[in-house]
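Position chain R against the provided structure of chain F, taking the given hints into account.
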Amino acid sequence: MEFYLLTGATLCLIAGFAHTLVRVSAGKIQPGRVNLASMVGAFALLSLDLWMRGQVQRSCPLYSLFDVLLFMAWATALLYFLVGSAYRLSLLGTFTSPLVLFLLLLAQLAPLSRDPIPATARDPWIEFHAALSLIAYGAFALAGIAGLMFLVQDRQLKKRKGGSLLYNLPPITELAIANTRLILLGLIILTVAFAAGFLSGMQVNTLKFWTSATIWAAYGILVLLRQIHPLAPRKTAILSLVALGFILVTLPAIQHLSTAK
Amino acid sequence: MTILCAGINHRNAAVEVRERFAIGTHELEASLSSLRRIDGLFGAVIVSTCNRVEFYASSVCPLRAMDGLRRFLVERTGCTDLPFYSHDSLPSVRHLFRVACGLDSMVIGETEILGQVKQAYSAAADHGATNTCLNKLFQQAFRVAKQVRTETRITRGSTSVGSVAVELAGKIFGDLSGRKVMVLGAGETSERVARSLVSRGVRTVIVSNRTFDRAAALADSIGGLAVHFDHWHTAFDEVDILICSTAAPHPIVTREKLEKILQSHRERPLFIIDLAVPRDVDPSVNTIDNVYLYDMDSLEQIARQSIEIRQTEVVRCEQLIDRHVRDFLTWMHQHPTMPR
Numbered sequence: 006m007e008f009y010l011l012t013g014a015t016l017c018l019i020a021g022f023a024h025t026l027v028r029v030s031a032g033k034i035q036p037g038r039v040n041l042a043s044m045v046g047a048f049a050l051l052s053l054d055l056w057m058r059g060q061v062q063r064s065c066p067l068y069s070l071f072d073v074l075l076f077m078a079w080a081t082a083l084l085y086f087l088v089g090s091a092y093r094l095s096l097l098g099t100f101t102s103p104l105v106l107f108l109l110l111l112a113q114l115a116p117l118s119r120d121p122i123p124a125t126a127r128d129p130w131i132e133f134h135a136a137l138s139l140i141a142y143g144a145f146a147l148a149g150i151a152g153l154m155f156l157v158q159d160r161q162l163k164k165r166k167g168g169s170l171l172y173n174l175p176p177i178t179e180l181a182i183a184n185t186r187l188i189l190l191g192l193i194i195l196t197v198a199f200a201a202g203f204l205s206g207m208q209v210n211t212l213k214f215w216t217s218a219t220i221w222a223a224y225g226i227l228v229l230l231r232q233i234h235p236l237a238p239r240k241t242a243i244l245s246l247v248a249l250g251f252i253l254v255t256l257p258a259i260q261h262l263s264t265a266k
Numbered sequence: 009m010t011i012l013c014a015g016i017n018h019r020n021a022a023v024e025v026r027e028r029f030a031i032g033t034h035e036l037e038a039s040l041s042s043l044r045r046i047d048g049l050f051g052a053v054i055v056s057t058c059n060r061v062e063f064y065a066s067s068v069c070p071l072r073a074m075d076g077l078r079r080f081l082v083e084r085t086g087c088t089d090l091p092f093y094s095h096d097s098l099p100s101v102r103h104l105f106r107v108a109c110g111l112d113s114m115v116i117g118e119t120e121i122l123g124q125v126k127q128a129y130s131a132a133a134d135h136g137a138t139n140t141c142l143n144k145l146f147q148q149a150f151r152v153a154k155q156v157r158t159e160t161r162i163t164r165g166s167t168s169v170g171s172v173a174v175e176l177a178g179k180i181f182g183d184l185s186g187r188k189v190m191v192l193g194a195g196e197t198s199e200r201v202a203r204s205l206v207s208r209g210v211r212t213v214i215v216s217n218r219t220f221d222r223a224a225a226l227a228d229s230i231g232g233l234a235v236h237f238d239h240w241h242t243a244f245d246e247v248d249i250l251i252c253s254t255a256a257p258h259p260i261v262t263r264e265k266l267e268k269i270l271q272s273h274r275e276r277p278l279f280i281i282d283l284a285v286p287r288d289v290d291p292s293v294n295t296i297d298n299v300y301l302y303d304m305d306s307l308e309q310i311a312r313q314s315i316e317i318r319q320t321e322v323v324r325c326e327q328l329i330d331r332h333v334r335d336f337l338t339w340m341h342q343h344p345t346m347p348r
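Just so you know, the sequences run in chain order F and R. Here the first sequence stands for residues 6 to 266, where the numbers follow my numbering. Here the second sequence stands for residues 9 to 348, where the numbers follow my numbering.
Footprint (simulated), chain R over chain F, 3 or more residues, beta carbon under 8 Å:
1) 164-175
2) 236-242
Derived DSS-like pairs: lysine-lysine, alpha-carbon spacing no greater than 25 Å straight-line:
3) R:265 with R:188
4) F:163 with R:265
5) F:164 with R:179
6) R:154 with R:126
7) F:166 with R:179
8) R:268 with F:163
9) F:163 with R:179
10) F:240 with F:163
11) R:179 with F:240
12) R:188 with R:268
13) R:188 with F:163
14) R:265 with F:164
These aren't lab readings, by the way, just hints derived from the structure by calculation. Since we're looking at a predicted model, the values are computed, not measured. Note that CB positions come from ideal geometry on N, CA and C, so glycine has one too.
Excised from the complex, chain R in its bound form:
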């Protein structure tokens, strides 16, 4: 039995190419049935995400099965020049394990892909498109992904400015439910950060912008409240997280102004995320007790640090993957006549 893998991903195909080959959930059953009809192919799993479209199959006639797969793709897309890579057993197994561990992702170590691979396998199994060999392969892939996540730092930290800000909020407040956020300046990044915080349970969002309509629109879309820009400090009571991204040419939050506002804030921490350039918040604010100020540079530096940590962990991940690849291939050799 041979394991085959063919596909395209974000490395070898642009999004306009990937979207032509993408297989939606509604087409999955029909596509799996078509693949099952390919002569010499005993099982198939289709992994179709925004960054990849990949076919995993088991076959005793790899060349015939691969030809059948090409025919299927040509019929489906009308495209004769297929930009697909294809592997046989060893590289296919290694490739799937790397994909499941997030090593083949655009952001190394991202964990969403594991859920997508699990879904793809589960859908194929539900449609009766998998066999013993593929079942074993995917179970092993999930095991190696779990081991890599627990034994290495490949998922360590956040890799984007927004996710770093949300993670830091967690390190300051723990549980974010019931926390209050104020957004000064309704920019795109601040909106993204505010949405992430809302998804983590933040209770109230107050939006203030020089153009009140823009503030009202953003507040409306995230279930918050809009206040006039001239009165933002009057609505500051009990605010835990302040996100600033105005286009002001000079700091609008100074140490003096904040100290006055914080008199009623008691000992609760205040997390300030300054996404504006030029900065909206005077850097000396960070020296106030219980106030934690992060600007664009510091957030980006932490994100970069996380990426570097993840990159240094790749070697350890590959070693773990190699061990699992060997285990799987040994199992395959020990079961040459496994049920189809």
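If we strip away everything but chain F, and leave its shape as in the complex, we get:
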């Protein structure tokens, strides 16, 4: 059953992505209802899949890299639904669905164990910490996407040649605001997640601790520079993409160290 749910979610996203490509080739970049429907469908199926895995594990399903990738894809889609409409950045969906699709494909194509880990006594604070951390990473992923959209729009405006992208992307000022606020949102959630981790008294591998601390500090400095010292929106957008790349690269290592302890 889980296999079918996951395959269904992936197919929904592939269909939405293919539809977007067809629209882009026709010069239309604004997401249509198909794009939104594919995201909603994928999110619903993914939610059901995670719920079933949670039932087996009797906890939030975050105990393998496979779980983590699914949960991060789910968190990114969830934040898109919550944030995309708030910033009236409907186009964010066009850029978000490929990332969610990438995470799902990575989970399914990489040689990862899919078997749910049987339930043992688990500290709810640790679960809270892990779930919130991944939701924070979802916010950082969206910040990275907003940053990417900012850089694309900045390039379009600098090129002075017009074109479909220029007309379809949101105003660059709104993208800069969304980028900054999503970083701040992610940082707040990550801070709460870390606080929960400390409260649980969990033993953390040194490398995992410093990697996580580096991510937290990097985003903290980014927010600080943006608020106090005028860090230009373009540099913020680039740095948010670099930080997202760092998260995606280190996530498997962090997960490995978490389960190895």
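Positioned in the frame of chain F, the structure of chain R alone reads:
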């Protein structure tokens, strides 16, 4: 029942001809009443804009109705040589649909004409000058216009330098309300752009010109402030959009000068519209972060691009129009004895 269309437009008549035939709002009721008295004519709508004067009518005796329409125009203008085109059902229906979609406009895809056609129809309906056939025709015209606008790129982009500049400002700042504009050099084009920006909600306009009186006059007319040309940079704080159109022979806004000014500008974007030839702004300014410089050439190129996109969409629009024309004619054939 036959649909008739007769009229003149910007293609077949110069403005001095069109203005002779134009029918103002104050004359509309009397003109519609005169048309209603024409033997064999059951309904009429008059579309009179700066680019066209057109009569749409429904009749069971098209020749008699057309004669009556000619007599009406001759009596009205005293002109015996009428430069009007006239069509019967199929071309008339197609013509109205093309007009409503902006395909017959001077600037292809312009949307103002749809509002004008709606107004014309509404006025005729209010005066009881329309019948079932014309009601159906115009409702279908509004439907096809809406479909064409949503399903094709016929209204894509802006087609004049001024509107491109305003659209780009929207792509940089989003909402323009509360933004501050500085105009350097009170030329005609810069004035037009400044007025467009004001109409989009720009808060403050500062005008600076070598001749202070000219700056003061322009500032006065658009509700802005005038500053002496030698002090323009001191008034630059919080300026979001800079419009340049001076007659200076060399750049007056250089990279060095702007970088110094922008130190207090923090991270807010600056949109520079350089309408001057020779250019007022050093092109290297465009490499500064958060500064977007557009000169005459780049604005014109974008306007041309929009026109080209619109022209490529005409075929798709015509296909949609053809489908609606067929639907309407089918409806007409199915209702040969519709109420008059």
